[in-house]
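Colleague: Residues per chain, in single letters:
Number of protein chains: 2
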Amino acid sequence: MEKELFQKLVEISLVNKKLFLPGVSIDCVIFGFDKSSLKILLLRPININKWGLPGHYLRKDEDLRDGANRVLQERTGAGNIFLNQFKTFGKLNRTEYFFKDYPDDLWHKQRFVSVGYYALIDYHSVNPVPDVLSDACEWKDIKELPELMMDHQTILEEALLAVQRDLNYKPIGLNLLPEKFTMSEFLKLYEIILDKKLNRGNFYRKMTRYGILEKLNETRKGGAHKAPDLYRFNIEKYNAALENGLQESW
Amino acid sequence: MEKELFQKLVEISLVNKKLFLPGVSIDCVIFGFDKSSLKILLLRPININKWGLPGHYLRKDEDLRDGANRVLQERTGAGNIFLNQFKTFGKLNRTEYFFKDYPDDLWHKQRFVSVGYYALIDYHSVNPVPDVLSDACEWKDIKELPELMMDHQTILEEALLAVQRDLNYKPIGLNLLPEKFTMSEFLKLYEIILDKKLNRGNFYRKMTRYGILEKLNETRKGGAHKAPDLYRFNIEKYNAALENGLQESW
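For the protein sequence lines, the chains are A and B, in the order given. According to the numbering used here, the first sequence is numbered sequentially starting from 145. According to the numbering used here, the second sequence is numbered sequentially starting from 145.
Heads up, some of the hints might be wrong.
Quick list of the computed label-pair ranges, beta carbon to beta carbon [to be verified]:
id : chain 1 : residue 1 : chain 2 : residue 2 : range
1  : B       : Asn193    : A       : Asn271    : 51 to 59 Å
2  : B       : Arg209    : A       : Phe150    : 33 to 41 Å
3  : A       : Glu301    : B       : Glu291    : 37 to 45 Å
4  : A       : Asn237    : B       : Thr352    : 43 to 51 Å
5  : B       : Arg209    : A       : Val154    : 49 to 57 Å
6  : B       : Glu146    : A       : Ala222    : 46 to 54 Å
Hint data in this document are derived by calculation from the structure and do not stem from the laboratory. Since the structure is predicted, the reported quantities are computational estimates derived from the model, not experimental observations. A virtual CB, placed ideally from N, CA and C, is assigned to each residue, including glycine.
All chains should be built: construct the whole structure from the sequences, respecting the hints.
Modeller: Pasting the structure below:
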């Protein structure tokens with residue numbers, strides 16, 4: 145198995161040197177929301193007992209943003225995903241130790257500066273696909289994350305800060321919630337992103353004040369309790385409110 | 145002159161290949177404020193009839209952020225500058241045409257993904273120094289900018305958007321205004337950054353409400369009109385207000 149992986153890496157290395165720009169990589173923090181938990185999509189590299197973010201290199205013939213979209217498309221099968229560059233990671237030793245037992249001219253062993261993108265995706269539309277160097281690609285609850293490789297924990301934390309900061313300026317809710325959702329789901333999403341409890345009444349009043357919610361004549365059936373009302377976003381008003389930024393400190 | 149420059153570039157190219165990571169560059173948008181105008185520091189490359197942002201490459205032995213600090217230090221002589229990474233630029237053809245008449249293996253001709261930093265600096269503390277490929281390094285008023293090379297106009301505009309977005313979250317005023325300033329100067333700075341007129345009374349009331357200003361028992365002497373009052377920031381209250389974000393849409 146070790147030998148097989150070694151051979152595979154050497155082969156990939158030769159191809160990568162032809163196709164990709166040296167020095168630059170892309171890492172994607174892909175968020176999905178399922179009822180009451182925020183999840184991110186992770187890969188388990190072969191022979192490594194840690195998980196990592198989906199990522200790749202930048203093709204010599206593509207724009208940086210197209211590279212990020214390619215990663216998303218290949219790992220999730222989904223197109224047209226909300227995608228936002230948030231930070232570039234260039235610490236000296238962020239990758240070095242990772243391939244330390246491999247030859248120095250291995251493509252993967254060079255120093256990479258990695259451009260971080262976060263993506264918001266409809267959790268239920270995704271069919272996760274491992275890449276050629278991984279044996280699993282799975283959604284993980286951000287409250288129960290496995291150990292991450294290299295500086296991926298840092299990248300993930302910075303992505304969460306970016307999503308927090310963008311709550312007032314970008315359609316985070318629209319891109320993570322299903323088309324019809326309950327007020328509890330909406331509140332829960334904000335509580336997870338902000339990592340704190342919010343007052344339900346205040347939250348409802350704030351959101352109502354912006355007029356971004358439309359109450360539907362439907363309820364969510366199937367629970368043990370009284371069926372909760374369903375809402376959807378008024379996209380026009382949501383976008384208009386985001387243009388000035390929601391005036392909330394949360 | 146052409147031949148001299150060519151020779152110089154070839155020499156630098158050989159050194160750069162040893163010292164720097166391929167594929168990655170750094171561009172710095174350095175802002176300074178002088179009484180009533182916002183300025184950025186620009187370089188005029190030898191033999192090119194356009195101006196460019198101060199920038200460089202990433203040393204193989206330094207962190208990305210240290211590379212940006214190195215650029216700032218070398219061009220301005222100032223240390224300890226407020227520095228913020230805001231976006232990375234990776235369009236396919238952002239640099240290509242620039243060295244089109246030079247040999248393909250010239251360091252400068254390769255494709256670079258450029259990491260953008262903006263810096264806020266005390267205008268009066270700076271002694272601008274051109275780099276080895278430039279014959280001028282000067283402050284330019286952002287209202288009267290010369291033509292910029294490559295995608296530097298785009299990088300500058302994105303930096304301004306980042307500063308706008310950060311007004312409520314980072315000590316922009318503190319880092320651009322002199323220690324003692326008039327209300328007119330403070331207002332003017334915001335008007336230039338936001339590119340719109342603000343109501344003086346509203347602006348004053350908003351800022352007073354946060355308690356971030358201290359009125360001094362001094363006035364600015366020397367003008368034709370009544371000497372205006374001087375203010376300084378209460379840094380503790382400024383930082384406390386920024387922690388939650390100022391709740392202003394401007």
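Colleague: Run every hint past the structure and note whether it holds.
Modeller: So, going through the hints one by one against the coordinates:
no.	hint	result
1	Asn193(B) <-> Asn271(A): 51 to 59 Å	holds (53 Å)
2	Arg209(B) <-> Phe150(A): 33 to 41 Å	holds (35 Å)
3	Glu301(A) <-> Glu291(B): 37 to 45 Å	holds (41 Å)
4	Asn237(A) <-> Thr352(B): 43 to 51 Å	holds (48 Å)
5	Arg209(B) <-> Val154(A): 49 to 57 Å	violated (34 Å)
6	Glu146(B) <-> Ala222(A): 46 to 54 Å	holds (52 Å)
Hint violations for this structure: number 5 only, all remaining hints satisfied.
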